[in-house]
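Residue numbers (this note's numbering), protein chains in the order written: chain A, 1 to 258; chain B, 1001 to 1258; chain C, 2001 to 2258; chain D, 3001 to 3258.
Hints are computed from structural coordinates only; laboratory data are not their basis. Since this is a predicted model, take the numbers as computed values, not measurements. Hints are all accurate, no fakes.
Quick partial rundown of chain D residues pointing at chain A, CB under 7 Å, derived from the structure:
#1 3012
#2 3013
#3 3014
#4 3039
#5 3067
#6 3069
In this text, a Cβ means the ideal position worked out from N, Cα and C, and glycines have one as well.
There are 4 protein chains.
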Amino acid sequence: MDLNSDLGESLGAWRMGDDDAMLGIVSSANVACGFHAGDAAGILRTLRAAARQGVTVGAHVAYPDLAGFGRRNMDVASADLVADVIYQIGALKGLAKVAGTTVRYVKPHGALYNTIAHDERQARDVIEAIRAIDDSLYLVGLAGSPLLQWARESGLRTVAEAFADRAYTPQGTLVSRREKGAVLHDAGEVAARMLRLATEGVVQAIDGSTVRIEADSICVHGDSPGAIEMAREVRALFERSGVTVKSFVDAVPDGARR
Amino acid sequence: MDLNSDLGESLGAWRMGDDDAMLGIVSSANVACGFHAGDAAGILRTLRAAARQGVTVGAHVAYPDLAGFGRRNMDVASADLVADVIYQIGALKGLAKVAGTTVRYVKPHGALYNTIAHDERQARDVIEAIRAIDDSLYLVGLAGSPLLQWARESGLRTVAEAFADRAYTPQGTLVSRREKGAVLHDAGEVAARMLRLATEGVVQAIDGSTVRIEADSICVHGDSPGAIEMAREVRALFERSGVTVKSFVDAVPDGARR
Amino acid sequence: MDLNSDLGESLGAWRMGDDDAMLGIVSSANVACGFHAGDAAGILRTLRAAARQGVTVGAHVAYPDLAGFGRRNMDVASADLVADVIYQIGALKGLAKVAGTTVRYVKPHGALYNTIAHDERQARDVIEAIRAIDDSLYLVGLAGSPLLQWARESGLRTVAEAFADRAYTPQGTLVSRREKGAVLHDAGEVAARMLRLATEGVVQAIDGSTVRIEADSICVHGDSPGAIEMAREVRALFERSGVTVKSFVDAVPDGARR
Amino acid sequence: MDLNSDLGESLGAWRMGDDDAMLGIVSSANVACGFHAGDAAGILRTLRAAARQGVTVGAHVAYPDLAGFGRRNMDVASADLVADVIYQIGALKGLAKVAGTTVRYVKPHGALYNTIAHDERQARDVIEAIRAIDDSLYLVGLAGSPLLQWARESGLRTVAEAFADRAYTPQGTLVSRREKGAVLHDAGEVAARMLRLATEGVVQAIDGSTVRIEADSICVHGDSPGAIEMAREVRALFERSGVTVKSFVDAVPDGARR
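Work out the full structure, taking the sequences as your base and the hints as a guide.
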C-alpha cells in the first residue's frame, strides 16, 4: 500500500510541516509547486531529500492562491486552468531533474482536488493538462469519485486515494468536515482502520456499517507533531502486519494499469 | 544574424506588445516565465504562435517582481536565485512541449540581465541553474561582458547580444540610459547601424569613433507601434542586403560553438 | 445623474484605460485598491488627477486576484473578506488624503460585485467591513439587487447603479453576458437609453417592453477608445438635454439619503 | 524604556511567532502591513490583541517581497517607494481603527530598515511618505544613524532604537551578522546589557570598551520560544530594577519631542 503526504509547503521565512520526518514515513511525496505554497529553493530542498530517501515524487498542483493556501474555490477559466497546471508540473519537473528524481504523478491540492472530484469541466481541464505535458503521469484522486473514471477514459493511469484521518459515510464518501466526527484523532484507531482498508478493502462507516473503498494510496498528514505521530503509527502497524509500504508506481509494471 | 525580442509579457487582463506582429519579424522569442510578466495561458498562446511561425524559443527568466516588471535590482540569495531560474525554465519547458516547440536558450531579463553581466556571484548562480536543468541551452548575454566568459568557461554555449536602439561608448559598452543620446529613435538609422554590425562587426560609437562589437544576436523591441516598425525596418534592410535573419541555433551545428 | 467609471487599473509596466480622458467625463471614479489591479504609485497618480478635476473618489475593492483581474468567483471566508475590504479601503484612504481628496464611497469590483448582489453571506461581510471602517461611506451596488436592501437596513447609504452598455431583461435584471445582445455597442443608442433612464427612470428591455430601473449612478467604461467615445456621448447628450452630470455625493445633503 | 517587537507576521496558513505572548511583554508592536508578511485578517487579530493589552501600534512597512520576507535589498524608484509606504500605513490605519486602536509610529522592516539608515534617497522617500499621510507619526530607526537626523530636520519625531540581542562596535554601530559574536544568545547577559543601556546609556562593545548609545526603544524578537524567553527576561529585569517598560508615545507629551 502507498502512503502519501503533502510536502514542500514552506514559503520563504515561513515553515510548514517537517518534511524530513515525513520522508521517513511515506512512499509518495505530493510536492507543492508554488501556487498554493512552496518557493523554488524550498521545493528543491524537499525534492533532494525525497530523492535521497527514495520516495516517489508527485506534483501537488493548485489554484493560484497563496493567501488562501489553495483552499478556496476559484472559478478559473479552462484556458487558465489547463495552462496553470502545465506550468506547475513543468516547474516541478525542472526542479526534480536537478534534484536527481522524476515527477511520476499529479495530485491536485485543496479546493482544486475537491472540485475536480465531481466538477466535470474543471476535471477535464486538469486531465487535458496532464496528458498534454506527460501522459505517463499518474493522477491521484478521491476514491470512488467520477474524476477517476473520466481520467481512465481519457487514457490516464489513476490512483484512488483514501484519507487516514477521515470518517466515511455508508456510501463510501467522506463525511463533511462540518459534521461531528468527520476527523479522527486517535492514532491507534486510525492505524487499525487503515490496516483493514489495506488488507480487506473496507472501512467502518460513521454509522457502524462496513463500506468497501477501493484505494491504491492512503493520505497521511504531517502538519503537526500529532499528525506525524499518527502517520508513523500507520506505517508501523502496516510493517508489523506484513503490509509493505511502497509507491503505487513500484507496485505494477509501467503501462500495466492503464 | 539572429533577431530576438521579448514576448509573452501580457498578464491576465493587461496586454503588452503585439506578439503576433513580432513573431513575423524576429528569429528568436524571449518568452516571459511568469516572474516579471506573463501568465501561463498567455505564455502558452505565445509559444504556440512561435511554434507555428518557426521562431526559436528562449526562457526570459527574471527576478520575482511583477510590480516592478523585473527591472529593479534585487539582492537574491544564491540558493533562491538558482532555484528560481530552474523553476522558470522548467515551467517554460513544460508549456513549450505542449505548444509543440522546445526551449533552446535562456536570456535573463531586465535587472537580472544587467546585474549578471558584471556581478560574478549572481552570474555563476544563473550559469549553475542553466547547466543543472539542461546544459544544451544557450545563454544570451551582453556582448563583451564578463558573463559570457564565465559561462563559456563553465561549458555553456553563449550568444553575444547587441541592442538595436542603443548607443555604444568607444569601449563597446552601452551608453547609460541616463545620458543624452543613449536611446536611438530613427528606424532608418538604426537599421543601417545594425546592417553594419551584421556585415562588418562594428558600430559607430557615440563619439563618432568606430568600435568592434562581436554580436551573434540583435535585440529589437516590440512594446510600441514605433518599436515594431523599427524592428521591421531592420529585418527589411537585412533581407534587401542579403543578410539572412535566422536563429543562432540554426547557424551552427549543435556542439560546434561550445 | 452620476456617471462612474473604473480607474487606476494599470499595474506597474502595464497600462489600462485612459484615466485622464475618463476623469474629464465622469463624476465618480471607482479607484482600484491593489487587489485586482493598481499599484500604489499609479493609484496615487489617478487620485491626484481626480482631485484636480473635482471627481468624487470611491474604493473599488476586490478579491485578491491580480492574475484573474478580480473576475473569478472566490469562496473567501468571512474573516478574510471583512479584513481584506477594510485593508483596501484603508490603503485608498491613505493615498487619497495625500492626493488631497477623500474616499466617499465603495463599489465592489468584478466577481465580488456580482456575488454580493445576491449572496447574503458575502454581502453582509462587505457591509460589515464598510461600516466598521467608515459608516459615512456610500455603497454602490446593482440596481434592484437585495444587496442594497441589506445595506440600507444596516444603516449604510446606498447608490443603485445601472450599466450604460448592457441590455436589461423585462424584470430589470442584466441580460447575461453569455446571451446574444447582452452588450450594446452603438454609442448613440446607449446615450439615448441612458437619457431615458435619467429622465423617465425606465429602459427598454431586450424584449421591447419598458422596465423601470431606479438608478442613482450609471457605469460607463473606459478600457478602449470606443468605450471612452461612448462615455463621452452619454455625457454630451445629458448636457444637451439639461441633465446635470454630478456625483451622488453632491446630489443630496449628507445624511439625507440614509 | 520602550520594548518593541515585530508582530502580525503570519500569512494565511503559515504561522510566525506567538503574538499573544509578545503582547504581554512589549510596550510597542511593529505590525506587518502585508508587503513582507501579514494577511489582513491576521493583522486585524493582532491589532485587536494589541488594543486589548494596551500595547502601542506601529506600521512595520516593507519592500513588496513576500518570498524574501522583505529582507532583500530592492532598488525601488522613489515614486513607488513613497506610494508603497503610504499604502501600507493607510491599510494599517484602517484595520487599527476597526480594532479600536491607532497607528502611532512607523518602523521600516528588514532590508528597507537597513537601507534607509544610510541611503539618503530612500530615507527621504520614506520620510516624505510618513509626513504626507500623517506627520504626527513617530519614525523608529537605528540609533546613531543619519536617518534620524534627516527625519528630525524634516519635522518628524524620531525614536532611536537599540537591538537587545546584537553586539555593538566601539563606534556604536551594529557588528555585522557575518562576524562572529554578532548575535547574543544568553538571555541573562542580554537583559543585563539592556538594563545598563536603559539606566546608563551605554553598552559594552565587542572589544570590551564602553560605548554610548542613545536609545529610546529596544527591539526584542519573538520568532522562537528562546527569543520570547529572552524578551521576558529583559522585561523582568527592568521591572525588578525599577525601569518602567512603556511606549515612547506615553513617555512625553505629544509635540514635546519634536
